[in-house]
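4 protein chains.
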Amino acid sequence: MRAVVYKRPFEVAVEDVPDPRIEQPNDVIVRIAASAICGSDLHMYEGRTAAKPGLVFGHENLGTVEDVGSGVVSLKVGDRVVMPFNVACGFCKNCVAGYTGFCLTVNPGFAGGAYGYVAMGPYGGGQAEHLRVPFADFNCLKLPPGQERDADYVLLADIFPTGYHGCELAQVSPGETVAVYGAGPVGLMAAYSALIRGAAKVFVVDKVAERLQKAAEIGAIPINFEDADPASQIKDQLGGEGADKGVDAVGYQAQAHQEQREEPAVVLNSLIDAVRATAMIGVPGLYVPTDPGGVDEQAAQGKLQVGFGRLFEKGLRVGTGQCNVKRYNRQLRDLITAGRAKPSFVVSHELPLDQAPQAYQKFDKRVEGYTKVVLKPAA
Amino acid sequence: MRAVVYKRPFEVAVEDVPDPRIEQPNDVIVRIAASAICGSDLHMYEGRTAAKPGLVFGHENLGTVEDVGSGVVSLKVGDRVVMPFNVACGFCKNCVAGYTGFCLTVNPGFAGGAYGYVAMGPYGGGQAEHLRVPFADFNCLKLPPGQERDADYVLLADIFPTGYHGCELAQVSPGETVAVYGAGPVGLMAAYSALIRGAAKVFVVDKVAERLQKAAEIGAIPINFEDADPASQIKDQLGGEGADKGVDAVGYQAQAHQEQREEPAVVLNSLIDAVRATAMIGVPGLYVPTDPGGVDEQAAQGKLQVGFGRLFEKGLRVGTGQCNVKRYNRQLRDLITAGRAKPSFVVSHELPLDQAPQAYQKFDKRVEGYTKVVLKPAA
Amino acid sequence: MRAVVYKRPFEVAVEDVPDPRIEQPNDVIVRIAASAICGSDLHMYEGRTAAKPGLVFGHENLGTVEDVGSGVVSLKVGDRVVMPFNVACGFCKNCVAGYTGFCLTVNPGFAGGAYGYVAMGPYGGGQAEHLRVPFADFNCLKLPPGQERDADYVLLADIFPTGYHGCELAQVSPGETVAVYGAGPVGLMAAYSALIRGAAKVFVVDKVAERLQKAAEIGAIPINFEDADPASQIKDQLGGEGADKGVDAVGYQAQAHQEQREEPAVVLNSLIDAVRATAMIGVPGLYVPTDPGGVDEQAAQGKLQVGFGRLFEKGLRVGTGQCNVKRYNRQLRDLITAGRAKPSFVVSHELPLDQAPQAYQKFDKRVEGYTKVVLKPAA
Amino acid sequence: MRAVVYKRPFEVAVEDVPDPRIEQPNDVIVRIAASAICGSDLHMYEGRTAAKPGLVFGHENLGTVEDVGSGVVSLKVGDRVVMPFNVACGFCKNCVAGYTGFCLTVNPGFAGGAYGYVAMGPYGGGQAEHLRVPFADFNCLKLPPGQERDADYVLLADIFPTGYHGCELAQVSPGETVAVYGAGPVGLMAAYSALIRGAAKVFVVDKVAERLQKAAEIGAIPINFEDADPASQIKDQLGGEGADKGVDAVGYQAQAHQEQREEPAVVLNSLIDAVRATAMIGVPGLYVPTDPGGVDEQAAQGKLQVGFGRLFEKGLRVGTGQCNVKRYNRQLRDLITAGRAKPSFVVSHELPLDQAPQAYQKFDKRVEGYTKVVLKPAA
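Listed in order, the protein sequences are those of chains A, B, C and D. Read in order, the letters of the first sequence are residues 101 to 479 in the working numbering. Read in order, the letters of the second sequence are residues 101 to 479 in the working numbering. Read in order, the letters of the third sequence are residues 101 to 479 in the working numbering. Read in order, the letters of the fourth sequence are residues 101 to 479 in the working numbering.
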């Protein structure tokens with residue numbers, strides 16, 4: 101089959117690779133109709149991870165079941181499904197507790213697995229014509245017939261639940277004010293989720309005009325951190341008080357305000373300032389324990405200068421970690437199906453698989469409004 | 101009246117000061133029967149804060165109502181009461197939400213007030229014969245008659261709820277394993293609370309033999325961090341896996357393992373290592389945003405080198421902040437009254453008020469088993 | 101002052117009564133700008149309670165502070181405020197736990213107090229020019245300046261939070277399906293709240309066309325129980341499965357489907373049928389322990405033939421009780437202020453105080469679209 | 101193999117039946133070391149259900165894995181395991197949400213399955229030498245080596261979690277007072293669980309002296325309902341106030357106080373009286389939607405005269421339904437393993453399989469202290 105294969109830093113190619121097949125009784129094979137490129141794919145693309153050449157990318161996958169293992173009971177050939185980016189077993193203590201992003205079974209020696217991602221287990225990616233899905237009864241979410249909402253449903257694999265997860269970690273509730281840092285796809289999904297959950301006011305901090313414009317279009321309040329200190333801007337709009345809740349949708353590659361350099365703790369520390377005492381902060385944005393490209397020796401070890409004294413004084417609570425997609429994907433699917441959510445407003449491009457190399461290049465450089473690209477292998 | 105007055109670093113005196121009186125309709129005056137010395141009093145005693153000479157210390161107070169303001173409806177002269185160390189109004193949005201440690205009314209410009217503490221509002225301390233208690237209907241917890249359990253009940257003002265708060269922030273639940281760092285009074289109360297909440301195994305990390313001995317006596321598992329890396333010791337006892345939950349009952353004056361120097365993030369980072377993926381960490385131990393005595397420039401600003409990359413990778417959640425005592429004190433009182441909790445096992449000394457200067461001196465140096473001193477002004 | 105006074109069954113009059121005054125240091129006097137008539141006022145109006153002639157009605161009150169007791173610290177003359185219908189002290193164990201509808205202080209011998217309501221304590225009602233508000237720091241919610249949103253804000257006293265409370269008791273969450281029984285003001289507020297909380301589909305059951313029309317206008321799905329069994333209609337629209345959650349906004353005066361008689365358990369039992377196994381049901385609709393007008397001896401004692409066997413088999417959870425308004429009113433106010441909620445769509449009439457007698461008469465008979473009447477004493 | 105087979109009302113026999121075998125890739129076969137007789141087995145034994153002759157009883161099962169299907173990944177021959185009485189798939193929406201007692205997969209057309217139980221799906225019971233366990237990775241809980249605690253561990257299949265479930269439904273928390281109705285095995289486990297969770301006072305209501313004696317032995321307060329109205333007795337011991345929480349461990353075969361007849365709502369209504377306003381009531385005790393032996397026509401349809409008016413007035417919440425064992429069994433196992441729980445105090449008899457007929461007979465008549473019988477098929 102054809103698949104997006106990692107070649108070397110800043111290069112992917114669409115090549116022939118062996119077709120996946122049923123390996124275990126609980127596997128299914130899915131013919132991929134849509135597979136999105138994720139910001140976290142760029143970490144590998146830029147050579148900032150230990151990813152080896154030959155890896156097939158793609159963890160945001162939607163398609164049609166085309167082969168079913170003998171142990172699978174809830175799926176049949178022809179079912180349309182979307183898969184969480186996390187591969188999970190469904191029965192270990194973390195899965196049972198809802199922490200499917202930290203499955204203890206699928207990636208021995210580590211808590212958590214994923215498709216097409218370095219160090220996340222032996223699972224091929226879905227930027228390809230076919231995908232093997234293990235523990236398929238647990239990992240497949242069925243979709244209604246018809247393809248007209250694929251651009252919405254494919255976002256159930258990762259970014260819509262991940263944005264929502266930020267709000268869940270912060271326990272965003274009706275009537276609250278929320279400060280979201282980052283207006284990339286995850287940040288926009290976090291802001292969108294906060295509004296779905298009934299927030300009164302949602303601030304979105306970024307510097308890219310078109311992203312801030314998107315935030316405004318969904319009813320959030322854009323804050324350009326190049327205009328002035330973002331925490332001050334937010335507090336000014338709240339009568340001097342901080343926001344009730346915060347979401348960090350940026351992560352460790354944060355950029356210093358008004359300077360062109362990475363400063364990995366800048367978003368966390370600004371959030372600590374931007375929220376009020378007793379607040380909760382959700383951190384779906386990625387932080388890593390080892391970063392070869394870190395700005396200094398501490399950053400390279402994932403150690404950040406966090407304003408913990410202030411955080412404690414304000415009695416803040418911070419929730420972190422990758423999203424347990426299965427915890428939310430069914431409910432978010434039902435919102436899409438009912439016409440009450442339409443997250444595809446973040447999708448900028450739907451492209452055939454063979455345009456993946458150019459798409460990666462442009463997405464990596466953020467050119468031409470490449471905010472979110474969905475590849476259509478089987479289209 | 102006689103009261104413990106701060107004179108200068110490393111010196112307090114028992115002196116005559118003006119009697120407190122009803123200032124507002126919601127005040128009561130309490131004759132103090134017991135007022136404990138807290139580890140946080142030592143921050144002021146050691147001159148490591150901005151506390152001014154003349155301050156009357158004492159925020160862990162128990163006594164008898166002896167005068168009642170015209171607006172007070174639930175208290176009468178003669179009622180025996182214990183007060184949370186937090187002064188709180190009961191009606192601001194933080195109090196209503198249960199965050200009485202972050203009251204927005206009692207200490208304008210800051211979230212939270214306390215008795216006898218620098219920067220925590222204009223409230224005298226209770227290491228004295230009498231104490232003014234504002235918003236008394238809200239701040240007084242009634243006690244059953246009789247003085248035989250005063251050494252237990254006085255701990256309801258701070259350390260028993262504060263230890264419990266660590267468990268609440270970590271959501272310690274029946275059957276879980278818990279790693280508590282610090283076996284001072286708060287750490288022991290955290291371990292004791294974890295056991296009350298049904299934990300299966302509670303580890304307590306310290307280096308002082310008599311403290312570890314106390315931990316063992318209540319059914320916890322002592323871990324001496326001078327023997328070996330404490331996180332490794334805990335994981336070794338759990339089949340290689342980390343604890344389900346963690347509590348930091350040490351705070352910013354943490355000592356580097358196997359070295360005689362402060363290293364403010366060492367406990368946090370060891371906890372991140374000691375718990376398993378998906379864990380929660382409760383931090384009742386104090387961290388401050390400005391520390392004149394900090395080991396370096398960053399520590400002086402309350403910035404700590406936190407292993408945030410690892411914390412995120414494990415999907416940890418961290419809850420911090422001073423205890424909202426009123427959230428727990430009634431229930432913990434009822435456990436004491438029912439004979440199901442007896443926290444006074446941590447009390448080492450009950451002394452008359454005039455021995456306060458020596459008690460401070462010895463407690464500060466941790467000599468002669470001075471783990472927890474209760475002063476008895478009205479005894 | 102002028103006030104709405106209960107005379108006898110089916111008769112109220114606007115008469116002169118003594119002005120309220122500060123009685124306790126924590127009181128304020130509020131000049132009433134808006135006071136709504138509640139469906140529960142009709143229980144008294146119809147003589148179906150032990151209310152005595154002379155009682156001043158009105159528990160949904162909004163106005164301006166015009167006198168302040170000496171113990172009050174957060175309010176000043178001229179502040180615009182809305183009061184929960186519950187009178188609450190703020191410091192008893194129920195208030196502290198958030199159950200302000202079950203205050204143990206304000207109505208000795210009973211859990212809970214209210215303004216202008218039989219058996220709910222010695223508090224006059226607000227369908228009058230002035231109102232005494234006890235424990236005013238706790239019971240007043242401040243409003244922004246300006247009167248243009250009074251018709252929205254006055255609903256914060258009762259029906260908006262009460263509808264929301266139904267959703268809170270049922271823990272309505274994003275993506276869920278919800279069955280609301282009753283499209284009176286509380287039912288419409290429950291449906292509106294479910295949508296604010298992110299429900300995917302909200303069904304509203306009633307038989308009155310104009311109410312069902314209102315439900316449709318806010319995005320809910322109307323179900324006319326005269327057309328067919330409402331539980332079956334709902335399940336048919338959900339592929340045969342019941343709703344995730346249910347809200348009973350009808351109460352004990354429920355009418356049998358397709359018959360003109362009261363059948364007090366019919367809504368509960370239909371809800372048990374309409375929801376799926378594992379569901380939660382919130383019951384803000386009123387049930388009473390003694391009902392002189394009950395259809396039979398059991399009903400007169402508040403005993404209902406509940407299908408408890410089915411309820412258990414489905415593993416349902418049921419939450420009941422009058423709303424603890426203070427738990428939600430601030431957050432709901434902020435949604436109104438931010439323009440994200442506009443509950444006044446249920447208000448059918450805004451009338452001067454002296455039109456109260458006719459308004460009661462028409463509201464009681466549900467004539468001429470009298471769905472929700474707001475009296476404007478100080479207008 | 102040998103198995104306990106239902107013959108007719110009041111008769112079981114130990115007979116040869118076909119050995120179970122792997123039917124699906126996710127099955128395992130377990131050699132049964134211990135299988136307890138449950139009070140709910142007596143419903144079938146007494147002919148009060150639609151159970152057909154030939155059914156093999158037994159849903160509380162512990163043993164050793166002896167055959168493993170090709171899809172099973174976490175179990176191997178020789179593993180010692182205990183199974184929840186619920187058969188569950190692990191991937192349907194109810195299982196994923198933790199409601200494994202309401203699995204939508206294993207018993208089509210109904211929410212929930214079980215071993216050896218009428219209407220709970222096609223699963224043989226474990227009062228036999230071998231048992232087929234479907235979805236084995238999900239349904240087996242591994243145990244430590246050694247058989248010395250089998251009498252404790254076998255209770256993890258049902259009654260220990262079921263008693264705990266009553267406390268979970270009532271959200272029993274540290275320092276609370278709890279009223280448990282019923283001192284049979286489930287009631288004793290509920291009281292034991294309440295104490296594990298840190299309750300301050302636990303009342304246990306029954307009339308059987310030896311059961312009340314057991315309650316006293318674990319630290320609960322026995323209440324004999326033949327002495328006086330049990331709700332009054334409890335309130336008298338609480339200063340006139342009701343308990344914070346209640347648990348109904350009796351169910352529909354409740355006996356009227358001081359009379360020798362069934363009165364199915366008597367326990368519910370007494371609990372409504374025995375708890376205080378704002379309380380929660382957990383109902384693990386069984387109620388059924390159709391009861392051929394019901395005392396009247398309403399009872400036969402599972403309709404009960406519930407004091408819903410009082411329940412509403414007090415703002416109570418009621419949680420019901422069979423236990424989702426998997427939600428608690430791992431944590432409770434860890435308490436047993438750590439020596440912090442020893443639920444086998446309720447076990448009165450451990451008997452070889454062939455004594456099952458006599459054991460059923462005596463357990464049904466409650467003679468000779470037959471409170472809880474464990475059969476040992478493979479002993």
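Quick caveat, the hints were computed from the structure, so don't treat them as lab data. Be a bit skeptical, because a hint or two may be false.
The list treats identical chains as interchangeable, and a pair is accepted whether it falls inside one copy or across any two copies.
[As the list claims (entries may be wrong)] With a straight-line cut-off of 20 Å between C-alpha atoms, the simulated DMTMM-like cross-links for lysine to aspartate or glutamate are:
1. Lys465 with Glu115
2. Lys193 with Asp434
3. Lys307 with Glu341
4. Lys107 with Glu229
5. Lys307 with Glu248
Given the structure is predicted, the values throughout are model-derived calculations rather than measurements.
We went through each hint and held it up to the structure:
Proximity of lysine 465 to glutamate 115 under the C-alpha cut-off of 20 Å is found in neither arrangement, the shortest distances being 23 Å within a copy and 71 Å between copies. In this assembly of identical chains, the alpha carbons of lysine 193 and aspartate 434 lie at most 20 Å apart only when taken from different copies (13 Å versus 27 Å within one copy). In this assembly of identical chains, the alpha carbons of lysine 307 and glutamate 341 never lie at most 20 Å apart, being 23 Å within a copy and 42 Å across copies at closest. For the identical chains of this complex, lysine 107 and glutamate 229 are intra-copy neighbours only, at 19 Å inside a copy versus 58 Å across copies, given an alpha-carbon limit of 20 Å.
Proximity of lysine 307 to glutamate 248 under the C-alpha cut-off of 20 Å is found in neither arrangement, the shortest distances being 33 Å within a copy and 36 Å between copies.
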